[in-house]
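Numbered per numbering that gives the first Met the number 0, the sequence shown spans residues 0 to 1130.
Treat the hints loosely; a few may be bogus.
As the list claims (entries may be wrong) - Listed next, with one range per pair, are the computed distances between beta-carbon atoms:
#1 Asp44 - Ala343: 50 to 60 Å
#2 Lys1124 - Asp406: 34 to 44 Å
#3 Gly625 - Glu145: 36 to 46 Å
#4 Asp44 - Asp485: 48 to 58 Å
#5 Leu169 - Asp485: 22 to 32 Å
If you are wondering where the hints come from, they were derived from the structure by calculation, not from laboratory data. Idealized CB from N, CA, C, for every residue including glycine.
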Amino acid sequence: MWDMRRRPLFLPTTMAQLLFWPGKLFFYPIGNTSAVSLARDVSPDKDISLLLLGCGDPRNVLFTLVSEHKSATRKLDFTCVDFEPGVLARNVLLLSLIIDKKPMDQIFDIFFHFYLEPHTLALLVSQCQALWRASLYGSTLHMSSEHTLAQLRLHWQQYSSMHKLPKSDLQPILTRFKAAMTGRQTASADRIWTHTSRSAGPLIDLAVPTMKHGTTFVSPTRRSAATLLNPTFVYSRGGTTCDVHYGTDPLTPFHLAPVFGNNAAPSHEDIMKCVRAQFHTWCTAFHNYHGHAQCIVRFFFADAIFATRALKVLADSGAVKTRIPVCQWHTDIITFDKEEYKDAAPVLFDVVDTSNLDDHLGLLNVMITSIPLLPAAGNGVLYLESLLVQTSDGDIPKDFAKRFNADLSVICVLFQLCPVDFATGYSSRGNVHELNKVSRREGGKQTQFHQVTTWKTLDCDPPVINPWQLGTFLYDWYHALFEEEDSQTFSEKHRVNFIHATTRSSLAYFCRESFVLLLKFVRDQLQVSREDWIAVMDRFIQIQMADQSMKMDTLRFHDCCALMYYHGVYTMPVYHPGFTPHAGPFKHWNVVSPLSRVFLKVPREKIAVLTQDQAATPSLEAGMRGPRMMNLFSCIHAAFGTVSMVGPLNDPRAVFEEDPKGFHGSKPLIVSFVMPSMLLKKLSIVLVCNSNTANIHHYFKTLGPSLEIHSAELFEQENVIVIPEQPMPIRRTIQLPIPSTSYAIGAPGSMKASFNEENNLFELFSVLTSVQTENAKSALQSAGNVSVKQISFRTVQLNLEGITQDIVFPFPVVGSQHRLRIARKSLWIELIVPLRTSFSQEGLDANPFPISLQELLPWSIHRINLDSLPTIDLKAKKLHDWLNPHVGAAFSKREVKGNKKKQIDSLRFVKESISSIIVCAAGIRPKGSPVQRIFALQDKATNNCDTVIFVDQLRFDLSSHTIVCDGFILPLTPVRLVQIVQDFRRLIPKMVNIGLDKGEITSWKQLFPVLVERCRTWKHLDSCQYASSGCIPLNTQMEQVSICACGEGKDVQRMSNFALWKPLAKYCTRIALSPLFGVSYLETIGPTDRRCCVCRANAGFTCPKCKKDRYCRKECQAKDWKRHKEVHHES
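Generate the whole structure from the sequences, applying the supplied hints.
Right, here's the structure in full:
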């Protein structure tokens, strides 16, 4: 019978990241951020598919369902990917318990408590014994592969049998876990509590830790009864040691803002009541979705990078069996369940959530593998998230933008999607609590900053870029990504905070294959023709050959070239078949392929040096070393076991027998990598640590200057095997734009994007439109006027004597600075516009609140289900203490200065008016003021008012860490005022006038449709004015209505609770109004000049002599005196 552990090796080079020795393998059974809705940026009117990469626990699945309105009927299909089978096994266990309607409190304890009571453990065991027999759960819970089910079944068996183990086996497990728990309690309080306090959002300063005993029980009696170790926290990739991360806390997934915001001093019991109530709500929602067959949750065990590449292979070819491994350190390949993926399971997704994989896999690696899984038709959403600070220059909020090593505007154009807050200059998600932590940090000690960005695909054809310019930019990008491999360059760039930079150097996830896949991704996104792409790469190679500034790059030149050939990106002349002679290891081969796969056997004793320090996670490389040459290859695959050559000598293959005990077994480590065949002469094959600064510091004394772990001669067949390697199949199609037959003026040509002189920024877009329709031809040839108007960030309207046609660009532009070239005889119009480079309103005439006409979906502000959000107690004692600074922190430093200088900025005006409404509705400005509920938007210039806003309640927008006004809008026109004049007069004494500055009324009219659509629970009518007019908003003029009438009188039942409001309810539409925050990774938020120049805490005074530097206390001033005196006094 065939031994399933002995299998042919089909291992392509699809690592796309460096191989790291794992060191201590932490287990993350509970999420480290609070739950969010993953459907917050997609249309509520269609079924959706969602991909969760690095899914962790199912909090986001459950909260997404809770956030759906109770009347929703659409189906949600989740695919949950994680490379920790223990996480997925726990998730299935939890969801199956919910489906079976087991007691909620016991379900909570099983999932969140380290120690269990006897009856709860019994429920856990019986449930594991029932999984996965049936298919009671099959309508909702699905497995993406048989391998996934096998791994999860193994864990369920371990859970059910752990407490039945012989005492000699069980006792060491219990002892190790107890020791680890003791370590948790003695660790730094900040280190453990960071994630949980973050769940309180704007109330982070009021949060306090609650879990100390391995349970959340308030009762000492129940704590004493919970003595049985929960086996679901024991088994993970690390084995049976206690690998649960030290920061794990059962409260982190939940939202703590309501309990701290609505209680002056909540007790442990108050907190746990809130948490368990939320959990009960989540479970109930999931059970209801299961009962109505509206939800599918698929589980997929694989490394996130490998999973995305396998899904792309399946989407392109339909092949369920791939050549892609499940994960590093194993040789199982990804094979999808044939029945599951025959026609039903999605392979492209409306939403892709990447958790905080940026921290573990690298930002660009995550993006270039996940973006291809978004729908080609547009409207896809990608969520990126990070927790760890990577910058070493101290400007933590700007860390995200620096991770690209290129300008973010160029990234958007090349990748064909954009962060919505980057395009608009504001965010509806609050991160004030994160910024406050930065401002209070002690110098250099902060290692976390939670950054979330929402990226949306662009609904326009990709631009054409000059090959010479594109090749130049791509090489400059390559240089920026890899220049710090040279120690001298690294030292020069990190003279300040060298130690922090050295630590971060060990986490450089980008390698040569990452860049090759980036090149392939850019080529495919831009739909570059074969001829143009060859020109692009010729320019790239030309610069690379001439560049002498990166000496370490010479060691990896062949790594890069081989991978470009392997992935079909570019072929150097020496990579054509027949270049390498039939000699040495190839003397028996029929055909010497340009590439070979090399296997190196590494004895266990040689890797002992890597196991001595569990905290160390060095990146590894393979290579070849000769008398006067050295080449390194960064993309390697490794697994424990034995490899042997099979088949005829003229066509050799390899088979692998994996050591089932992996790291804890006895068989050697087998490393494989791809390299050019022409280099395989008399030489040694080596395994080394990557020569980054951290590895040199850590391993130089042990391994020597080359950091060599092991080497073997090429012709030692017992230690080195060489077999031919074929390049990846090339499946590339150029998606030609579908010509429209409805152009009012004529068909536009390909849009061109031009770089600036430095080739680091796009400077201009240009598009030439052929004038083709008869009316347009006549107008142009009759000297008709051609004008341009910008109607949104990326859309400019061309107007030829009243004949209009929209032109959509791939990035925000400044339409007012356009240039026109007109050929009246040749019949064409060329429009040239510069890209927007700042958030200054000067020269920018656009709707700051875009909304999709096709899906009626806000583009820049997330959707919410108001009825699911908890209300804010406006009588709470500490309301003023947290809400006032939260609302006040919505402005950037630029906006604060603009306010002082009385500059016209309509977006800032709107933000100020929103803040005024919120603080008046809360009754906190000044503190103790009466709560106001009716607001009249009044134009200051004319004293005219045509809109009234009713604010019924203030609510916590939990997952976005902010608040929202639950209210209603009453648009006023002369006709309507006549209808309601008597009822309206009664409102006037209760109204608060919100004065609107110049141009602000237009911005409010543009905002109203978004405020309606973001909380809409009803469907638009066939007679909707948006559809008939083809315009949103309908009108932006005073005394004109900007929103459609479909929502009038719907979902306004609570207005009947107010006698004055009730007669007007049928004319009102529900809205959700919340603060609009500055974008902290682009602009400085708040007045930063009031921070201590030593520790960056809030500064209470300035040096009285020079009036320059600020300090928080005398001790800091004394520390800084020597520098301060030299810089400011003696000069």
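Structure-based check of all given hints:
| no. | hint | in the structure |
| --- | --- | --- |
| 1 | Asp44 - Ala343: 50 to 60 Å | 21 Å, violated |
| 2 | Lys1124 - Asp406: 34 to 44 Å | 39 Å, holds |
| 3 | Gly625 - Glu145: 36 to 46 Å | 45 Å, holds |
| 4 | Asp44 - Asp485: 48 to 58 Å | 54 Å, holds |
| 5 | Leu169 - Asp485: 22 to 32 Å | 53 Å, violated |
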